[in-house]
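Trainee: Residues per chain are reported as follows:
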Amino acid sequence: MSQTTSLVKSSIGQKLLMALTGLFLCTFLLEHLIGNLLLFINDGGVIYDAYGEFLSGNIVIRTVEIGLFLGFLAHIAYGTTLWLRNKRKRPTPYEQNNPSANSTLASRIAFVSGSIVFIFLVIHLKTFFTPLRFDATHPSAYRLVTDAFQSPWYVGFYLFALFLLGYHLRHGFQSAFQTLGWLQSRYKKLIMFFGFIFWFIIPLGYAIIPIYFLWSHMTGGY
Amino acid sequence: MSSSMKITLKVWRQAEKNARGRLMTYSVPDVSPDMSFLEMLDMVNNTLVRKGEDAIAFDHDCREGICGTCSLYINGRAHGPLKGVATCQLHMRSFSDGDTIVVEPWRASPFPVIKDLVVDRSSFDRIMQAGGYVSVRTGGVPDANAIPIPKAVADEAFDAAACIGCGACVAACKNSSAMLFVSAKVSQLALLPQGNAERRQRAERMVAQMDAEGFGSCSNTYACEAECPKEISVSNIARLNREFIRAKVL
Ligand code: HEM
Ligand code: SF4
Ligand code: FES
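Protein chains in written order, with our numbering: chain A, 1 to 222; chain B, 1 to 250.
To be clear, the hints were calculated from the coordinates, so they are not data collected in a lab.
Among these hints, one or two may not hold up.
[To be verified] Covered stretches of chain B (chain A as the covering partner; in silico rule of three or more C-beta atoms under 8 Å from a C-beta of chain A):
| hint | segment |
| --- | --- |
| 1 | 174-181 |
| 2 | 219-233 |
[As the list claims (entries may be wrong)] Only pairs whose alpha carbons sit at most 30 Å apart, straight line, appear in this in silico DSBU-like list of lysine-lysine:
| hint | chain 1 | residue 1 | chain 2 | residue 2 |
| --- | --- | --- | --- | --- |
| 3 | A | K189 | B | K6 |
| 4 | B | K6 | B | K83 |
| 5 | B | K248 | A | K189 |
| 6 | B | K83 | A | K9 |
Model, not experiment: these values are computed from the prediction.
Virtual Cβ for every residue (Gly too), placed ideally from N, Cα, C.
From just these sequences and the hints, can you work out the full model?
Mentor: If you want it as structure tokens, here you go:
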């Protein structure tokens, strides 16, 4: 028996792709948060709008953007394929099953948390990305943000999605390093520390933005 | 302890591979807390045979936790409620008088049910045949210290070698992934000099066979480690990932 498979067709290779695209998306999360902290500069959005202009005008950013779209596409496509295939591996379900005795909920519902993050992404892109990129009127990015976050429903949905993003990464970040084969090493503590930043601090950082603008609106600021 | 317990059993009965199965209920009086779970099933079977009914088929051999033949998904857990224990070492004192116990076979498409609680685990054998060996004779046991191996490495290899191939990892995994089993078998050889030479082909072939048998892909829920009767560590899965990626990429 000398049968082997190619890396991309093998189960481990496909998981590797999930891990690499997932970590790539994490780097975007960090960059995107830092950029959006410019919203907190108290200048009526001058610097933030300039940052927005810079992003949509820059050729490097436009190229990275394509990479980002492909990254999302690959992550979602493979995630969905693996999930569907794995489900078919147990055609007769257990009559009684107690998975909470052996695994965390976050690890078992990564597909669900990821899918809701995906729905969020579509809405998010429609609110901010499409008008900024494609509207001939060149709206102010700052105005778009302050307008959108006047609605408690919209803010509520954001907070829910961010919670699930954190939940996705609570499992996903360390899982990616396990897939790469690096988790169970002397670096485990370091990986878990960065994991904490990604699943807790970063989603929290994002959450402050809609809360801040809703608060400002309700207290008569905007 | 001589106080006897009364147990209600719900057991998966299925006449043969392609038959429809279902849970059947048996009322079992006079269960001693000192009986092992399998002895309790023996007792039920004696009663069934005496009544002229078909005995419940279940796998077992050593009954001391070393052969990997016993299985059973008991009350929603592979090998029952205890940690680091195979079904054959589970005793009725882990249950209470009046309990209802649900007993099912391992569920995974690469482990088809043959009869009742017995599943066909020959997919594991084929994975072993694909590369779970050292292909030349490495001689007898070498003199102590003839081949220096750091204690920590020897311990890790030995821990991996404790895998008894029972399949609980697959049964407990929501993806029916066999990564814990395969990683233990790859690790026990890759860590030691005799197995080192063939580590590349071994990882490639065993993973290819694992995929071909139709096991799911690991999503790192770590349910396998929690349910493994030999407490095989998921650090072996990380090692298998490294071995495989190295074999493919470098
Ligand atoms: C900013 C957004 C996202 C980030 C940063 C992210 C990150 C990650 C990371 C790091 C992993 C771990 C990879 C591994 O286990 O090797 C992962 C797994 C996964 N992600 Fe995402 N993800 C995101 C969005 C999504 C979306 C939109 C989906 C849509 C379906 C999704 C579905 C999945 C699935 C199914 C897995 C596999 C989970 C498992 O191991 O069971 N993710 N993600
Ligand atoms: S890894 Fe554990 S659960 Fe899996 S086959 Fe080996 S002993 Fe059984
Ligand atoms: S019967 Fe041998 S391990 Fe249980």
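Trainee: For each hint, tell me whether it holds in the structure or not.
Mentor: We went through each hint and held it up to the structure:
Counting residues of the segment 174-181 of chain B whose beta carbon lies closer than 8 Å to any beta carbon of chain A gives 4, which meets the minimum of three for the stated coverage. Interface restraint, the segment 219-233 of chain B with chain A: holds (8 residues with C-beta to C-beta distance below 8 Å; minimum three). About 49 Å separates the Cα atoms of K189 of chain A and K6 of chain B, which puts this hinted pair outside 30 Å; it is violated. Among the hinted pairs, K6 of chain B with K83 of chain B is consistent with the structure: their alpha-carbon atoms are about 24 Å apart, no more than 30 Å.
Our distance criterion of 30 Å between C-alpha atoms is met by K248 of chain B and K189 of chain A, whose separation comes to about 28 Å. For the suggested pair K83 of chain B and K9 of chain A, the alpha carbons sit about 35 Å apart, so the restraint of at most 30 Å is broken.
This entry does not satisfy hints 3, 6, going by the numbered hints stated previously.
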